[in-house]
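Colleague: Chains as they are written, first to last, in this note's numbering: chain A, 1 to 286; chain B, 1 to 133.
If you are wondering where the hints come from, they were derived from the structure by calculation, not from laboratory data. One thing to keep in mind: the hints can contain errors.
[Stated by the list, open to error] With a Cα cut of at most 25 Å, we get these calculated SDA-like pairs of lysine to any residue: (1) Lys45(A) / Gly34(B); (2) Lys45(A) / Asp105(B); (3) Lys7(A) / Ser12(B); (4) Lys7(A) / Ala14(B); (5) Lys45(A) / Glu15(B); (6) Lys131(B) / Ile18(A); (7) Lys45(A) / Thr18(B); (8) Lys7(A) / Met30(B); (9) Lys45(A) / Leu23(B); (10) Lys52(B) / Pro133(B); (11) Lys45(A) / Ser12(B); (12) Lys131(B) / Ser190(A); (13) Lys7(A) / Glu15(B); (14) Lys71(A) / Gly34(B); (15) Lys71(A) / Phe61(A); (16) Lys254(A) / Gln211(A); (17) Lys45(A) / Lys7(A); (18) Lys52(B) / Thr110(A); (19) Lys45(A) / Arg126(B); (20) Lys11(A) / Glu109(A); (21) Lys131(B) / Lys71(A); (22) Lys131(B) / Glu109(A); (23) Lys11(A) / Asn39(B); (24) Lys45(A) / Met30(B); (25) Lys11(A) / Ile21(B); (26) Lys131(B) / Glu36(A); (27) Lys45(A) / Lys52(B); (28) Lys71(A) / Met30(B); (29) Lys7(A) / Ile18(A).
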Amino acid sequence: MVIKHQKNAWKSEINDIIRGACGGFLFGIPLLYTMEVWWIGSLVKPRLMMMAIALMFSVVFLLNQTEGFRKRRYSWRTYEALIDTVEAMAIGLACSAFILLLLRELTLETSLKEALGKIIFESVPFALGVALANQFLGESNNNSSAEIYDEQNGLDATLADLGATLIGATVIAFNIAPTDEVPMLAAAVSAPWLLAMIAASLVISYCIVFQAGFSDQKKRRQQKGIFQRPSSETIISYLVSLLAGALMLWFFQKITFSDPWTMWLEHTLILGLPATIGGAAGRLAL
Amino acid sequence: MTKTESEKPKRSFAEWVTFSIALLILAVIMSLVGYIWLNDKNQPPIVSVTNKQTIREINGQFYVPFEVVNTGGDTAESVQIIAELQINGKVVETGEQQIDFLSRDEREEGAFIFSQNPRQGKLTLRVSSYKLP
Chain A
1 MVIKHQKNAW KSEINDIIRG ACGGFLFGIP LLYTMEVWWI GSLVKPRLMM
51 MAIALMFSVV FLLNQTEGFR KRRYSWRTYE ALIDTVEAMA IGLACSAFIL
101 LLLRELTLET SLKEALGKII FESVPFALGV ALANQFLGES NNNSSAEIYD
151 EQNGLDATLA DLGATLIGAT VIAFNIAPTD EVPMLAAAVS APWLLAMIAA
201 SLVISYCIVF QAGFSDQKKR RQQKGIFQRP SSETIISYLV SLLAGALMLW
251 FFQKITFSDP WTMWLEHTLI LGLPATIGGA AGRLAL
Chain B
1 MTKTESEKPK RSFAEWVTFS IALLILAVIM SLVGYIWLND KNQPPIVSVT
51 NKQTIREING QFYVPFEVVN TGGDTAESVQ IIAELQINGK VVETGEQQID
101 FLSRDEREEG AFIFSQNPRQ GKLTLRVSSY KLP
């Protein structure tokens, strides 16, 4: 009995952390693809880094007093919000460092000062996203919507899913495709990093839709589509997001048909990471 | 434990573990920032350029690799590097390159391309300018 209780505590804790991280990804990914933020991070003085941390702490603390990333609140005491704030900031710092490493904006050669500045400045929107995680995609646990889905046939649900993914991915890709970050990142990336990027896209997408426990997760698991299994839905959605990303790059004339296929592949995979996150958000929102 | 607290469920062991990890991450970041704050030299940039590697010749073009490093304190922006090739006392070819940002102890590499053999003349690489961000 005790062991079972402990297992549940670990499970819910890990779910809470994943939910926080997913909120961070939804909110923080556009700024992670903004080179101006990398530059500001590179140039910033230690004094300003401390100020950024203090500012982040106070804003996240205020957000945590009303919302937060935890499903179950024990109480509304101040010290609970303080603990959540420390955790939200740590999630933000860890996740933005991970993405900066993945994008090759942080390497072993990066000087300590530059690396710290980049991580701290990128983690500000990330930590805000963590604190807002519960507010994203609102709480709507009414059973009626699930019943409606049961009545739909598989094909309709699948088409609705793919449409939602396409819309979400296009919204994010539309915002990032015309900027210079994609070619800049593509210039520095090599094949193993592209594979790592594919893996990260799939894992984050899976976590947002099936693991983070956002409000509509129950509904999602009940939904009957052709690609109903979480793993296959994640992969299909990733492919749809890649398609949306490639179309946007082509639409903004960032890549043309005369460009080599390696360029199409690299640019699309790099834009695919934020596009997949947008696609996952789109599927949850519908 | 006071009476009011016992009415509410405690934080679980798992939550304390994640909190400790979070606190550790935050403490490491803050102490690193403190460390670089204390070691901030507040010194102007000192930028130097060298060609350490050997010159390659491919299809009649001569590739001269260079490495630029900032050993000063502050970050330099728009670092301009100029290469001049003098043969028989006359400047026959020049090349230039701009590095966007060079922070403390950062190294950047690149190459100048000449159509005449730099070994036959006098090659000078120098940093001509930078600006402060």
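Colleague: So, for every hint listed, does it hold in this structure?
Modeller: Results for each hint:
In summary, the hint linking lysine 45(A) to glycine 34(B) is supported, as the alpha carbons are separated by about 11 Å, within the 25 Å threshold. Distance restraint check for lysine 45(A) and aspartate 105(B): the Cα-Cα separation of roughly 15 Å lies within the 25 Å cut-off, and the hinted pair is therefore satisfied. Restraint check for lysine 7(A) and serine 12(B): the C-alpha separation of about 11 Å stays at or below 25 Å, so the hint holds. Note on lysine 7(A) and alanine 14(B): the hinted pairing holds, with a Cα-Cα distance of about 9 Å set against a maximum of 25 Å.
Of the supplied pair hints, the one linking lysine 45(A) and glutamate 15(B) is violated, its CA atoms being roughly 34 Å apart against a limit of 25 Å. Of the pairs offered as hints, the one joining lysine 131(B) and isoleucine 18(A) is violated, with about 43 Å between alpha carbons and a cut-off of 25 Å exceeded. Annotation: proposed proximity of lysine 45(A) to threonine 18(B) is violated, straight-line Cα distance about 30 Å (limit 25 Å). With a C-alpha separation of about 33 Å, the suggested pair lysine 7(A) and methionine 30(B) falls outside the 25 Å cut-off, and the hint is violated.
Taken as a hint, the lysine 45(A) and leucine 23(B) pair is honoured in the structure, with Cα atoms around 23 Å apart against an allowance of 25 Å. A distance of roughly 28 Å separates the Cα atoms of lysine 52(B) and proline 133(B); the hinted pair therefore is violated under the 25 Å criterion. Of the supplied pair hints, the one linking lysine 45(A) and serine 12(B) is violated, its CA atoms being roughly 39 Å apart against a limit of 25 Å. Restraint check for lysine 131(B) and serine 190(A): the C-alpha separation of about 32 Å exceeds 25 Å, so the hint is violated.
Using a Cα cut-off of 25 Å, the hinted pair lysine 7(A) and glutamate 15(B) holds, with the two alpha carbons roughly 12 Å apart. Taken as a hint, the lysine 71(A) and glycine 34(B) pair is broken in the structure, with Cα atoms around 35 Å apart against an allowance of 25 Å. The hinted pair formed by lysine 71(A) and phenylalanine 61(A) meets the criterion: a straight-line CA distance of about 17 Å does not exceed 25 Å. For the hint pairing lysine 254(A) with glutamine 211(A), the CA-to-CA distance comes to about 35 Å; that exceeds 25 Å, so the pair is violated.
A distance of roughly 44 Å separates the Cα atoms of lysine 45(A) and lysine 7(A); the hinted pair therefore is violated under the 25 Å criterion. Proposed proximity of lysine 52(B) and threonine 110(A) is supported: the alpha carbons are some 21 Å apart, at most 25 Å. Between lysine 45(A) and arginine 126(B) the CA atoms are separated by roughly 28 Å; this puts the pair beyond 25 Å, and the hint is violated. For the proposed pair lysine 11(A) and glutamate 109(A), the alpha carbon gap of about 38 Å is over 25 Å, so the pair is violated.
This hinted pair does not check out: lysine 131(B) and lysine 71(A) have alpha carbons roughly 50 Å apart, beyond 25 Å. For the hint pairing lysine 131(B) with glutamate 109(A), the CA-to-CA distance comes to about 23 Å; that is within 25 Å, so the pair holds. Only pairs whose Cα atoms come within 25 Å are accepted, and lysine 11(A) paired with asparagine 39(B) is rejected, the gap being roughly 43 Å. For the hint pairing lysine 45(A) with methionine 30(B), the CA-to-CA distance comes to about 14 Å; that is within 25 Å, so the pair holds.
As the CA atoms of lysine 11(A) and isoleucine 21(B) are separated by approximately 17 Å, the hinted pair is consistent with the 25 Å bound. Taken as a hint, the lysine 131(B) and glutamate 36(A) pair is honoured in the structure, with Cα atoms around 18 Å apart against an allowance of 25 Å. Between lysine 45(A) and lysine 52(B) the CA atoms are separated by roughly 32 Å; this puts the pair beyond 25 Å, and the hint is violated. For the suggested pair lysine 71(A) and methionine 30(B), the alpha carbons sit about 29 Å apart, so the restraint of at most 25 Å is broken.
A distance of roughly 16 Å separates the Cα atoms of lysine 7(A) and isoleucine 18(A); the hinted pair therefore holds under the 25 Å criterion.
Checked against the numbered hints given earlier, this structure breaks hints 5, 6, 7, 8, 10, 11, 12, 14, 16, 17, 19, 20, 21, 23, 27, 28; the rest are met.
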